[in-house]
Structure formats: C-alpha cells, structure tokens
Amino acid sequence: MPKSRKFKNALLKFFMYLSTGITFSILLLIIGYILFKGLPGLNIKMLTTQTSYIDKNIGILPNILNTLYIIFVSMLFAVPLGIGAAVYLTEYAKCKPLVKAISFAIETLMGIPSIIYGLVGMLFFTSIMGLKQGILAGGLTLTVMIIPTIVTTTKESLAAVPNSLREGSLALGSGKWHMIKTVVLPNAKNGIITGCVLAVGRITGESAALLFTAGFGLKLVGFIKALQSSSATLTVALYIYASEQGEFNIAFTIALILVAITFIINTVCYALGNKIGKKNK
Amino acid sequence: MQNLKSNPSFITIGENAKMINTAQKEGLKKENVLSLAKSSKTIEAKNLCLWYKNFNALKNININIGEKQVVALIGPSGCGKSTFLRTLNRMNDTVEGCKITGEVLFEGKNIYSSSVSAPEIRAKIGMVFQKANPFPMSIYDNIAYGPRIQGIHSKQVLNELVETSLKSAALWDETKDRLKKSALGLSGGQQQRLCIARALAIKPQVLLMDEATSALDPISTGKIEELILQLKKDYTIVTVTHNMQQAARISDKTAFFLLGELIEYNDTDIIFSNPENAKTKDYITGRFG
Chain A
1 MPKSRKFKNA LLKFFMYLST GITFSILLLI IGYILFKGLP GLNIKMLTTQ
51 TSYIDKNIGI LPNILNTLYI IFVSMLFAVP LGIGAAVYLT EYAKCKPLVK
101 AISFAIETLM GIPSIIYGLV GMLFFTSIMG LKQGILAGGL TLTVMIIPTI
151 VTTTKESLAA VPNSLREGSL ALGSGKWHMI KTVVLPNAKN GIITGCVLAV
201 GRITGESAAL LFTAGFGLKL VGFIKALQSS SATLTVALYI YASEQGEFNI
251 AFTIALILVA ITFIINTVCY ALGNKIGKKN K
Chain B
1001 MQNLKSNPSF ITIGENAKMI NTAQKEGLKK ENVLSLAKSS KTIEAKNLCL
1051 WYKNFNALKN ININIGEKQV VALIGPSGCG KSTFLRTLNR MNDTVEGCKI
1101 TGEVLFEGKN IYSSSVSAPE IRAKIGMVFQ KANPFPMSIY DNIAYGPRIQ
1151 GIHSKQVLNE LVETSLKSAA LWDETKDRLK KSALGLSGGQ QQRLCIARAL
1201 AIKPQVLLMD EATSALDPIS TGKIEELILQ LKKDYTIVTV THNMQQAARI
1251 SDKTAFFLLG ELIEYNDTDI IFSNPENAKT KDYITGRFG
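Taken in sequence, the protein lines are chains A and B. Residue 1 is where the first sequence starts when you use our numbering, and the numbers rise one by one after that. Residue 1001 is where the second sequence starts when you use our numbering, and the numbers rise one by one after that.
Pulled out of the complex, with its shape left as it was, chain B reads as follows (with noise of 0.2 Å):
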C-alpha cells in the first residue's frame, strides 16, 4: 500500500490503492488494475471553478472522493466547501447565476455533460441538508417519496425499503408505531434521521452531508456520527462540518478549504497532526476561522 501510494502512476487513493493492492496480489496485469480502478465509484474533481456572477467561489478544485471513504470538508465559513459539496450532486443548477467550468467525474462520466441529467445523478447521489428538511407528510410516504419516483410502487417492496432505510438511519424502533403519522411531529434529531433514512430509501451510492448536525443537541450529533460510521461500509460519504473534532472522530480524509481553494487534502490524521501547510495548521489550531 505504502509504496504503491509512492507510484505516482497510480493516482488514486484509498479504497482504489486497496483494491488495486489486492488485485496485484491476485495476479492481475497492470493494465487490468487500471481499468478496475478507474471503473469504480469514485468522485473526481478536475479543474472545478464556478462563478456566482462575477464571484469566483470555486477555483481550481482537483480532488478525488475514493470509494466508501468518509471524507470531511472544513474551513471557514465562506470558503466554498458547502458549493463544493452542491457540484457534486448538481445542487448549484437551481441557483441563478451559477457558472461551473472543469469537470466531475463519476463513475468515469463527467456529470456536467449534456447526456446526463441532474436528477439522474441525484438518485446516485443523496444529500442531506444543514436543516432538517421532511416534507409534510407521514414518515412513510417520506421515505417512499424517493423510490416512488424511481417508479417503484409494489406496497411490498416499498414496505420492505422503508424498514430497512429506517433500520439504516437507526430510527426504525423508535417511529416503527407510528409511519403513517406526520414527519413533523418528530424531534429535530428524529427528522433528521429520517432525512438520512429518506436520502438511503433511493440506495445511492454516495452520500453528502452539509453539516448534518449543526442544529443539532451532542445526543442527536452522537447518533448521527456513529451512524456515518456504519454507513461508511456500503457508501462513499462527503461531509461538510464546521466541527474539527467531528471530523477528526469520522472522516478517513480531510479536506481544506479556504477562500474558494482546496488548500490541503490528505489522511484526517495526518492534517490533523502534521499538515504540511501553513494555513492549515493555523486554522486547525484555531488561529483564524
């Protein structure tokens, strides 16, 4: 793994080095370990810039999400890593005014191009919002609500997705009794597992999370961050957190930004023992920000 990383052929990270590692071991070609690599579900940022008007809020973002790894981006308020967060889903086309240029690759397509539509990539790729956000209707048809779209309407198969979205987001036992009541009557660490739940129910392969625990009490935050860790086993989780010590507890990777740049982006332990920059080691140790 240590000198593989070292290989500056093989620019993919984490759970891509793993995979590659193991199937080096299996035998395999070299050229059949690249092609694995690039065929998994990684997120790849290239030369990502975007405007909102004249503001140039991204600029020239290249990073790459590996697959089932929780990464973590912080910075100040401002820095653009909650719009960073909204390119990778497409969030930012509701805006007005957006300009994005580079690329976002994903599954090894860019999403930005013209065969692919938005709400295609959004049911690849969930997101949970800062606030809480269940719709006016009962904590059923909210999980329902994603899958129904995908044109699933069987009550058997939807039954079965809310069970086991519920059971995922850990709040299966404490609404089991009561999902054909309304998602508003539920506490705000309630509805923002079911949020989690709902973002599930449409079995996405990523996961992005804009400060999902902001408004939340340390109990609530508490659940949501242990279950960030059991989903990190089947999903690839991106992270905005204002939190350094959440980051530092959850993510395998942290990313830094400041100013609209990605600054740093390594392994959470080394920025948060050893970064190599500057800035970060002052934001980390809370000099700015």
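The shape of chain A in the complex, shown without the other chains (with noise of 0.2 Å):
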C-alpha cells in the first residue's frame, strides 16, 4: 500500500509542478514574444511624436496621454462613488435584504461584456447627454464598468476590519463618521489599493467599450480639448493599427508599452500604500 501511495503522491506532485510550469512559461512567452516583436519598432521618437501621414510617421503620443487621462477620468469618479456606496452598504445600510439584492445587482455588473457597456455607454452619454465621442464619454462609460469591482472589492475589505475596533471606538465617544474615518476605512486600506489597482488594470486594457465612446482619434490635443473630441487611446490604438493598417509591429510595440504602463502604475500603487500603512503605524 505504501507504495503505491508512494507512486500516487509522485504522480499528483508530477502534475503540480507541470501545470505550474506550464503558466508559467505561457507568460513568459507572451511577454518574450511581446519583447521579441516589440523592442525592435520602440524608440524615443515614436514615444514622443504623433501619428502624421504626411510625414510618414507614426508616432503613439497622443495614445499613451489618452490612455492616462481616461484612466484619472474614470478613476476621478469611480473611487469616491465606488467607496462610498461600499461604505454604504456595509456600516450603514439597515435592510439586509435590499443590501443582498444590490450586491447581486453589482456582482452581477461584474460579468457582463464590455462592449454592452459601450453601447449603453455611447446611447446614454453622447445621444442623451449630449457628449461627443472623447475622453469624458469614455471615461464616464468605464467609470461605470469599474464601480462594481471597487465595490465588491472594498466591501470584502470593509468586511474584514474586525467588530472589536469599530466598538472600541464607539466606546471612546467617536461618532459613526468619525469611527468610520479612523478605524475602519485605514484598516481597510489595502483591500482597498488592490481594488483600484484591478480597476486601472482594466481601463487600461479596455478596448470595446472605448470604441463606441471614446472614439479612434489620433491626434495630439490637449487634456481641456481630448475630453470631448474623439480620442484614441492605446488599447484602441493598438487594434487600428493592426487591423486597418496591418502596422502588427507597432501593435507589439504598443503591447509592450502597455504591458510597462500596467507594471508600472501597480508598483506605485503599492508603493503608496506601503506609505500611508506606515505612516499610519
């Protein structure tokens, strides 16, 4: 019998490691095939110029700000409407039932395409707003897509800072804001950073809901001047150039900034939070 369990645990731990091995190496070959294709088109001109069919240039500028401005857009009215129904539903909210029910409703948000979202964004916001197709359609269309993961994501958080503080504060006279403030929502604060970082990492990959709202421009306008004229950003960027133009290096060399982009903004992420843990300690 020994031996056979023997033979048993060396065939699961066999299968362990190949199914480690074998994520492991898709990644790394998706990010080396993304440095193999991508490196050789990267330089500093196409970085800072834009796209100009006189010139015969191309160039990814205007792309990698829109990118960033539609990513503090979405972020601008995500976070604190994000937070603040979370905070809602889990200190203050006194009917359970209704509270389960627009949990449902969120998680359920949660699942859906983007692309609806782009729909109802582009129909909602640029046919009955008002807006034309730019950054602030686009941005208020992923500000919607990315509220059910902040909420759900500081919900849990919110969730797991231990009862024994939110009375120990009650108990010194604080009131419920104030508990709130102090205790809770600084305790919370990682659960938190890690739903904001899944949210970016979603805007910046997000290509189908941009495309009806944010628009294909390729032009360098200024941020006052991008949030209501058709702006392109990366993601968006990356599918013109590889499906109308056939450009598939500049697509990998938008990959790879885009693959630097998200690295880079979780490492601050992180960072920060890192900062304020310690500065709350």
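Worth flagging that the hints you see were computed from the coordinates, not collected in a lab. Heads up, some of the hints might be wrong.
Claimed, not checked - Calculated cross-link-like contacts (lysine to aspartate or glutamate; reagent style EDC-like; alpha-carbon spacing at most 16 Å):
| hint | chain 1 | residue 1 | chain 2 | residue 2 |
| --- | --- | --- | --- | --- |
| 1 | A | K181 | A | E91 |
| 2 | B | K1124 | B | D1234 |
| 3 | B | K1109 | B | E1163 |
| 4 | A | K219 | A | E91 |
| 5 | B | K1068 | B | E1261 |
| 6 | A | K176 | B | E1120 |
| 7 | B | K1059 | B | E1261 |
| 8 | B | K1279 | B | D1252 |
| 9 | B | K1203 | B | D1252 |
| 10 | B | K1180 | B | E1163 |
| 11 | B | K1124 | B | E1067 |
| 12 | B | K1203 | B | E1174 |
| 13 | A | K94 | B | E1096 |
| 14 | A | K96 | B | E1261 |
| 15 | B | K1131 | A | E167 |
| 16 | B | K1203 | B | E1067 |
| 17 | A | K176 | B | D1093 |
| 18 | A | K94 | B | D1252 |
Two chains, two separate frames, one set of hints: put the complex together.
Shown next, in the form of structure tokens:
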C-alpha cells in the first residue's frame, strides 16, 4: 500500500509542477514574444510624436496620454462613488434584503461583457446627454464599468475589519462617521488599493467599451480638448494599427508599452499603499 | 450608616449613603440631603428590559450603582450580565434587532431619552472589552484618540493626557520610550492596560469592564486587579467577571444574574458569606454554572 501511495503522491506532484510550469511558460512566452516583436520598433521618436500621414510618421504619444487621461477621469469618478457605495452597504444600510439585492446586482454587473457597457455608454452619454465622443464620454462609461469592481473589493475589505475595533472606537465617544474615517477605512486600505489597481488594469486594457465612446482619434490635443474630441487610447490604437492598417510591428510595440504601463501603475499603487500604511503605524 | 440603610426613604447606597451621612453630620436639612443624593453620579436602572428580536435577554432589572464603587456582575454564561453592562453606555444600540424598555438614569437623566446622544454618554461612561482591541496605530495615537474626538488638539495637553493616562494604567514605565511605536507590538496584558489607559484618557466618570481579564495570564490579571482598586478612588467601576475570587477580591458590591434576571444585589461580603437567595448560594458554591 505505501508503495502505491508513494506513486500517487509522485504523480500528483508531477502534475502540480507541470501545471505551474505550463502557466508560467505561457506567461513567459507572451512577454517574450511581445518583447521580441515590440522592442525593435521601440524608439524615442515614436513615443514622443504623433502619427502624421504627410510625414509618414507613426507616433503614439497621443495614445499614451489618452490612456492616462481616461484612467484619471474614470478613477476620479469611480473611486469616491465606489468606496462611498461600499461604505454605505457595509456600515449604514439597515435593510438586509436590499443590501443583498444590490450586492447581487453589482456582482452581475461585473460579469457583463464590456462591449455592452460601450453600447449603453454611447446611447446614454453621447446620444442622451449630448457629450461628444472623447475622453469624457469614454471615461464616464468606464467609470460605470469599474464601479462594481471597486465596490465589491472595498466591501470585502470593510467586512474584514474586526468589529472589536468599531466597538472600541464607539465606546470612546466617537460618532459613526468618525469611526469609519479613523478606524474602518485605514484598516481596509490594502483591500481598497487592490480594488483600485484592478480597476486601473481594466481601464488600461479596455478597448471594446471605448470604440463607441472615446473614439479613434490619433491627433495630439490638450487634455481639455481631448475630453470632447475623438481620442484613441493605446488599446484602441493597437486595434487600429493591427486591423485597419496591418502595422503589426507597431501593434506589438504598443503592447509592450501597455505591459510596461500596467507594471508601473501597479508598483506605484502598492508603494503608495505601503507608505500610507507606515504613516498609520 | 446602619440606621440610614434601614430607613426606607434612603434608597441610595454606598457612597451616597456616606455622603448623606456626612451631610447630616454637618447639620443639613433632610431635603437638601435628598437632592444631594439625587445629583450625585450614580447609575440607576429602572424596570430595564431588553429584547434581542424575540429573545428576552434582560427582565425588569432594578439596580443602583453608587459613585466610586466597584460593582461586580456575576452569573453563568448567557445570563445577561454583559448585555446589562452594555446597556449602561448604549453599546447595544449597535446590535441589530435590540429593543430596550425602562430607564437607565445617569446624573439624573435617562440616557435613553431622545435628548441624549450615544457618543455623549460613551464619553462619560468608558468601556474596556473582553479582548484587548488597540487600534493599529501608535501607542500615543491610541490614547489620544478619545481626547481628539472631544476636540483636544493641543500637543501639550495631549502629551500630558497620554502620560497621566498611561501612568494611571500602570503602563507608563513600559511604554514611555516607544510611544510612537505601533500598539500592536505590545503583549496581551499590556494591550489590555493600554485599552484601560485609552478609556481613562477621555476622563470618564464610570468605567465599564467586560471580563477585562479573562484572556490574560495571572500576572497581568493581578496587575489589572490592583489597578481597579487604585482607580476606584476616582471612578465608579462596573465589571463583569467569571472569576468568583476576583469578584470577592475587588468589588464592594456584587450583583448575581441568572437567565436575564437580577437575582441578588448586595455587599460583596454578604453575597459571598451569607447570600439571601438559594440560587446565589448554589452558584457561588459551585453547584451549577
């Protein structure tokens, strides 16, 4: 018996190693391939200029900026709204069935394909509200799309704050909001930051929802003008160059930049979180 | 003192009786004496009932806790003693489905009347919990948390408050060099004393302790018991305990709860030597519970 068990153990261990190995090598392969195809096309000129058909130049500076603009606009609205909703649901809401219904709805929203957000965003923000295609309409659409992510992760981390801390704060005579501000939110900070990083990741990688709302513009305009004029983010630009113009090398360079941006934003967010954490300790 | 107690018109007890006694010696009139008794900082529960949804957790509790006394609440688990303790600073407000009838009078006012806010009451009636619950911030900020709520932001005042509170909780010597370090680095016993110091920093008149030593080792427990005896000079202390010896050691009066009812309330000596009620006797001699 021990022999067969040993064999079973070894077999299982082998499969464990194998699945880890396969997952890891797929990741390596993708990053390697992107580096291999993207690096040769990467140069300063491309990163600092805009595309011009007259000069026969391809530059992606506007797209890099548009991506950052859209992250800024969506997070500007989504972070306070999402955290506020989560705080209400966990700390204030008294009616349990309502909370359950809302939570269920939010979780359902998380699973909806982003193109549907794009469609609804186009109808609501551009047709009904009369915004022009651009960063603002796109950013608001993505706000709607990432709020569920932020609400869900914030809610979970708020619920993980021990009740004894809440009681301790109340017993010292603090009001409810003061308790939330000084004890609950600081303790839920890590979870909230994780939610925001996830949200930024979704924004950076989003293309479908932006096709209808932010548009395809490749021109370099200032932030204020970009809000209301067609502006392609990096992912949309990648789609344009790859599918409409067949410029696959440029598409891969863009992919490389996307990976780099995601990496940088994640690192910065966690570093920021740690800094805030140290301040509180 | 003895004949005062037997006089039915003097229902207040302990320190009040002493005050009345001294007041009478000073030749004050009876009305003045009575008003003196009323204005003093006793806690009085009148016909207090509490329900958790349909469960009747407290049944018609009437009790009077005198100023600067240590009152121990004893009884088997689930008898309502912690629940009762939490009604005294309105901590049960946070429990869903909790309903309270009757009155809790403090400084002559019902703390459940609509004109009184819960935070205001909790600033006057501090609480220490069973499990130490320091906030994940520095020792200093833990102590300064309560005063800051009261609007005290002057560094000098806060420094002083932190020092005196930690000294009162016998924690100053151990922490004076690490005030800016996280409170979570303290040992369990130190954390509980920190929580006591934190409660003292808001200068409450009453301190409620909910089995504050049950999670501690004997030495830490000893320190906190000693602390209670010292704090008694300035504070009224109500403590819930499962440790009968502890109740006998530290309290002036003991209340025995059973199934949501207050069975007996008397001087600790009497409860432990010659209880009136047979159930009390059974409990303290260890026949049940």
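Taking the hints in turn, this is what the structure says about them:
no. : hint              : verdict
1   : A:K181 x A:E91    : holds (12 Å)
2   : B:K1124 x B:D1234 : holds (13 Å)
3   : B:K1109 x B:E1163 : violated (33 Å)
4   : A:K219 x A:E91    : violated (46 Å)
5   : B:K1068 x B:E1261 : violated (25 Å)
6   : A:K176 x B:E1120  : holds (12 Å)
7   : B:K1059 x B:E1261 : holds (5 Å)
8   : B:K1279 x B:D1252 : violated (20 Å)
9   : B:K1203 x B:D1252 : violated (22 Å)
10  : B:K1180 x B:E1163 : holds (13 Å)
11  : B:K1124 x B:E1067 : holds (13 Å)
12  : B:K1203 x B:E1174 : violated (22 Å)
13  : A:K94 x B:E1096   : holds (8 Å)
14  : A:K96 x B:E1261   : violated (32 Å)
15  : B:K1131 x A:E167  : holds (11 Å)
16  : B:K1203 x B:E1067 : holds (15 Å)
17  : A:K176 x B:D1093  : holds (12 Å)
18  : A:K94 x B:D1252   : violated (41 Å)
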